[in-house]
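Protein chains in written order, with our numbering: chain A, 52 to 269; chain B, 52 to 269; chain C, 52 to 269; chain D, 52 to 269; chain E, 52 to 269; chain F, 52 to 269.
By construction, these hints were calculated from the structure, which means they are not laboratory data.
C-beta: ideal position from N, C-alpha, C; glycine also.
Check the hints yourself; a few may be wrong.
Listed below are several chain B residues computed to face chain A (Cβ distance under 10 Å; list not exhaustive) [what the hints assert, rightly or not]:
no.	residue
1	Leu65
2	Gly87
3	Ala90
4	Asp91
5	Thr99
6	Gly110
7	Gln112
8	Ala122
9	Gly245
There are 6 protein chains.
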Amino acid sequence: VAAACCWAACPASLPAKVVILGGGVVGTNAAAMALGLGADVTILEKSTDRMEELVARFGTQLKTVYSTQGAVEDECAEADLVIGGVLIPGAAAPKLVTKKMLPTWKKGSVLVDVAIDQGGCAETSKATTHANPTYEVDGVIHYCVANMPGGVARTSTYALNNVTLPFGLAIANKGWKKALADDAHLRNGLNVAGGKVTYKAVADDLGYAYVPADKVIG
Amino acid sequence: VAAACCWAACPASLPAKVVILGGGVVGTNAAAMALGLGADVTILEKSTDRMEELVARFGTQLKTVYSTQGAVEDECAEADLVIGGVLIPGAAAPKLVTKKMLPTWKKGSVLVDVAIDQGGCAETSKATTHANPTYEVDGVIHYCVANMPGGVARTSTYALNNVTLPFGLAIANKGWKKALADDAHLRNGLNVAGGKVTYKAVADDLGYAYVPADKVIG
Amino acid sequence: VAAACCWAACPASLPAKVVILGGGVVGTNAAAMALGLGADVTILEKSTDRMEELVARFGTQLKTVYSTQGAVEDECAEADLVIGGVLIPGAAAPKLVTKKMLPTWKKGSVLVDVAIDQGGCAETSKATTHANPTYEVDGVIHYCVANMPGGVARTSTYALNNVTLPFGLAIANKGWKKALADDAHLRNGLNVAGGKVTYKAVADDLGYAYVPADKVIG
Amino acid sequence: VAAACCWAACPASLPAKVVILGGGVVGTNAAAMALGLGADVTILEKSTDRMEELVARFGTQLKTVYSTQGAVEDECAEADLVIGGVLIPGAAAPKLVTKKMLPTWKKGSVLVDVAIDQGGCAETSKATTHANPTYEVDGVIHYCVANMPGGVARTSTYALNNVTLPFGLAIANKGWKKALADDAHLRNGLNVAGGKVTYKAVADDLGYAYVPADKVIG
Amino acid sequence: VAAACCWAACPASLPAKVVILGGGVVGTNAAAMALGLGADVTILEKSTDRMEELVARFGTQLKTVYSTQGAVEDECAEADLVIGGVLIPGAAAPKLVTKKMLPTWKKGSVLVDVAIDQGGCAETSKATTHANPTYEVDGVIHYCVANMPGGVARTSTYALNNVTLPFGLAIANKGWKKALADDAHLRNGLNVAGGKVTYKAVADDLGYAYVPADKVIG
Amino acid sequence: VAAACCWAACPASLPAKVVILGGGVVGTNAAAMALGLGADVTILEKSTDRMEELVARFGTQLKTVYSTQGAVEDECAEADLVIGGVLIPGAAAPKLVTKKMLPTWKKGSVLVDVAIDQGGCAETSKATTHANPTYEVDGVIHYCVANMPGGVARTSTYALNNVTLPFGLAIANKGWKKALADDAHLRNGLNVAGGKVTYKAVADDLGYAYVPADKVIG
C-alpha cells in the first residue's frame, strides 16, 4: 500500500494499473478507493446490468470489461495490482486466475485475493494471516489473509451490527420460527435446522440433501 | 469520430486510448473532449508546472506523463488516436513522431496533427484539406487539415473577435505606435515593422536579423 | 459533429443546445456524450422515476423536463441539435416531431432520429444510408441513417456478443424449448414460433393474432 | 431565495436561469452557490483569461460568455435572477443594466445588485436596507441592500479578520511607514495620507490630485 | 437562509454543519442543496440499502450514519441546522428529537421540521405559517411551516401536475373503478370509499376498521 | 493505513477525520488521497490565496480553515489522523503541535510528521526508520520516518529525475557558472559556493554570513 502514497502526487508518472475481478460489493469498494487514490482501474464483470450501475456511479473514469478468460489474461498481464473479488455466496469461488497465467504477469505485481474465505479465486491462493500476510509465486506477491475485515475491527463491528441487529431483535421478540416465517431475507440466511441443510449451495457443494427452509419452519 | 459514438455507451468494452502530445491550449481542450466522451486519455508534457495545472483541473482521470522520446514511443504504440498539439509559437513544430515509429502503431489508428500549420509534429505529416482530409502511412490514418478552426467558422470567428477586438480598438483610437507602446501583449505580436523582423523566433528560423519591437516603435 | 470540436474549447461563446427526446438507453448515452463535450443538454421524458435516475447519475448539469407537446415545441425551437430516442419496443415510434414544428426551428439545426429503425419519431424522417446520410426539410438537416450501430462495427459486435452469447450457449446446450422455458428473458424475445406471433406489440401492430410464448413452448 | 428550495428537487421542471454580470470574487461565489442549487448559470465576463479560470474550476457546467452590450441584453431578458457583480475597485461601477432594458425582462425576475456599495451596476439601482430590502421597477424586483456582508455578521467578521490581522500586526510592530514600505499590498491600500489622495481611482473619480503612496511614505 | 450566502465563499472558515434525519425524498434533496452550498452534511438513515444509494449518488462528500438514538443525539448536538425529513406515509412521524435533547444543541441552531404535516419529528414542533414561520425553544429556532411546498407555488404546481395528470386522465376515460382496478399505484392511493377506510396506516392510526381497496372496487 | 480500507465502504459509519497542517505540496497531495478514500478532510493554512486555490481544485468537499493556534488545537483534538506538512524551505519547521496538546487528542489517533526532515512540526517528533517507524506519546502514535519518499523508490526516482535532468544538462553543457547565471531557478538552488553560504535561510539558521548567489557567480 506504501506505493499508493504517490499515485495522486506524481503527475509525471503513469498511475498504477489496478485490475479487479468481479464488480460486486468487494469490487465496487475496491474500485472506489483505487480511483480515489488516482489509479487506472478496470473491473471485469459478467453482468451487463451491473456494469451499467458501475458506469452510472463512477462515470467513464472506471473501465469496465466483459469478463472472459481472454480478458482476464490480457488485463492481469498488465496490472500492478489484481484484486480478486469474485464470490458465489456459500459456494467455492471460481478459479479465474490459473497457475499458468502468473508467469505472464509483471514481476513484483500484487494479487489480493479477497475471495480467500471461500477458497480464493486463484489456483495459487492459500490462506495467510495478518502476522505473515504474503508469499510469492512466480514473482507475484500473494496477499490472502483470511477474514480481512478482522484487520479493521472497529469499523467491521459497526458495519456488521447495523445490518444484523434488526434480525437479532426479531428473533428475540418473536421466536426464531415466526421471525423466519415473517422475513424472507432472514429465512434465506438459514443454513442448517433440525439436522437438515437448508442452504442449497452448501448442500450441493458438500454432498448433503437440500431441504428448503419453509419445510423446516412449517 | 464516428467511433466516438459508443465510447461512453459500451461499458462492456475498453474505452479508446487517446494520446495527446503537448498539454497546451490544443492538448488541454482535446483532453477535455476526449475525457468527456469517456476515452482513456494520456497527455505527454515537459513542463511539470503545466502537469500540476492539468491534474488540478481534470483530477486523476487524466493521465499525465513526462514527455521523453521513450514515452512518446511507448504511449503512441498503444493508442487508437494520437493528437499532435506541440507548438512553439512562431517556429517550426518539433518532429516528435518519426517515420520509424509508425510501423509499431496499431493498424487503423489515427493521427490528428493540429500542429500542421507550423509544419506538423510528425515527419510524415503534410497539409490536407477539408475536402480531402486524410491519407494513410504504414496503416496509420493521418488527418492534417490546414487551418482546422476554419471548419467551425462561426465559433472561430466569435472566439477570434473577442480576443482581438480590444487590440483593434486601441490601434484605431491611439494610432499603432502608441497602442504598441502602451501594451506589451500587443507589442509582442509585432512581427515586421519598417522592414525589420521584430519577432525573434521568426527571425531565427528564417535567417533574418532580429530587431526588438521597442527599437522600431521608439 | 465538426462543430462539437469547439464546444468545450470556447469559453467566450455559449455552448450548443442539445435537446433529447426520451431518456432511455439512447437518450442517456447521447446525454453522456453531449455533456462530456460541454453542450447545454435537456432531456424530455415522461417517467418521473426515470428522471430521478437521470438526476442521480448526471446531477443538475443535465436538464430534465416532463415531456408534453408544448415542451417538445418550446425546447426544439431553441435547439442546435435534436436527438430522437423515443422507442416503444417492437412497435412504431410515436411521431413527437410534427411537420408543422420544423419552420419554428433554427435554420441549420440538426435532427438525428435514432428511432428510424422503428419508423422514426419525426413525421419528416425517412431512412437514409451511411453513404448519403442527410437531407434537409424546412432548413433542418435530418440525419436518419438506418442501423446506426452498423457505423461502429467493431464496438457493436462486442456489445452484441456479450449480451447474446449466454443465450446462444443455453440454446445450444439445452435445445430451444428448454432454454426458453428456463429463462423468462429469452422467452420474452420469442417473436414467432410454429406459425404463431408470440410478441404482442408486433401482433397488434401488424394485425395478427397474439399467442403467448408459453403456449407455444408447452 | 425561497424558490431555490426546489431547484434541485424538481427534475420535471426546467431549472431557474441565473445570469451573473462579472466573473470576479462576487460572481464566482454566486456561481458556485447557484450551480450548487442546480440552476442554469451564465457568467458574462470581458477577460478571456478569467473565463479560462472559471472553466477550469467549474467545467462546462458553467456557461461563460464574452460580455458585450448585446450579450447583456440577450441573457438578462431570459433570466429569472440577475446578479450584478461588476466592480472597479475604488471607482463607480459601470451601468451595464440600463433603464431601457428592464421592460424586456421577465415579469417577477429579480436583480441582486452586489455592486450597490459602489453605486450599483444598474441605472435603476438605489441602496436599500435589510429591514426593507426590495423595490420593483418595470416588474423587476430590485434587491440592493447596502453592505450585504453585514447580513452574515459572524462569517464576515472571521473572513475579514483573517485577511486583515497580519496587516494590523505589521503596523503595530513596525509603525505605519515601515509597514507600508515593506509590503506593496499594504501600500496599495493607502487611500489618503498627509492630506494627499494616494489611490488613483479615487483621486480621478473625485477630482483630486493623485500622489503615489511612495512619495508620501518616503 | 441568509447565512448560506457565505458557505461556499469563505474558505477561511469551517462550513456550516447540516444534519438530516431520514434519507428519503426530503432528505436527499435537502442534502443535494446543502452540499451544493458547501455545507458539511450528514444524513441519519436506518436502511443500509438506501445508504448505498446515497453514497452512489453523492460519493463520499455526503456522510451517512446508521440512525440510532445515540447517533441522533451526538450529531444534532454539533449541528448548525437540523432538517427533519422522517416520514411514515399516512402515519404520524416518529419523534426522533426529544425535548430533553434541545439544551445540548448549539445556541441559535435551527431545526426545520419538514415532517410537520404529519405531526413533526420533534416533540417541540408545532405547525407555523409563512407569515410567522419561526419560534424558539431552548435557544433552538424552530421552522415548522405547514405545507412548505406552498411557498414555491409555481414549481410545486408543475411537479404535482406531472405526476397526477396521468391518473386524472385514466379516471376520466375509464371511470374510477376500472382505473383503480387496472393500476395498482392508483389503487394504493385510495383512502376512503363507500364509507370504508381502505388505507391501512390511516385506519390503524385513527382506530377504524381497515378494508383492502380490492374489496371495495369489487 | 489498514483502517483506510473501510472508509469508502462503510456508509453506516462516520468517515475518519483527517487534519492536515499546511496546504502546500505535501498537504495538497495528502488531501487528494484522503478525500479519495472518503475521509473528512480539513486543511489548516495561513495563505488565503492558497485556500482559494485549494477550493478551486477540490470544491467544497475539502474544508479549509485559517490556521491559528486555536484552530490547530480544536481541529487536532477531534482528528483520527493528523498530517504535518508545514515546511519553510531550508529552515527548521515551526512547532505547531506542542507537547501540551497531545493529551487532548483521541487515544490511538495518528500523527504523520512529513516535516521530520526539517526537524518536524511537533515538539514530540523525532526521526524514525522504515524498519521501526512508529512510537507512542500520550496515546498518540507518531510516524516520523525520515526521508519518506525513500519508501517509494521507483516513483520518487522518476519524479526527481524529471525535474532535475534539465538542470543537469544545462550544467554539463554550459559549465556551472553560466548555467546558474542564465537560470534564476537553478541559481536559487545554490547553497554554498567558494566557501560562502548563498542560501539565506540556511545562513540565518546556522549563524553564517549570507552572500547572495550573484556575488559568487559574478
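To see whether the hints hold, each was checked on the structure:
1. Leu65: With a closest approach of 6 Å, the Leu65 of chain B hint holds.
2. Gly87: 8 Å, holds
3. Ala90: Since the shortest Cβ distance to chain A is 8 Å, the answer is holds.
4. Asp91: It holds, given that the least Cβ distance between Asp91 of chain B and chain A is near 7 Å, below 10 Å.
5. Thr99: 6 Å, holds
6. Gly110: This interface hint holds because 8 Å falls under the 10 Å limit.
7. Gln112: Check passed: Cβ of Gln112 of chain B comes within 5 Å of chain A, closer than 10 Å.
8. Ala122: 9 Å, holds
9. Gly245: With a minimum Cβ separation of about 45 Å from chain A (threshold 10 Å), the hint on Gly245 of chain B is violated.
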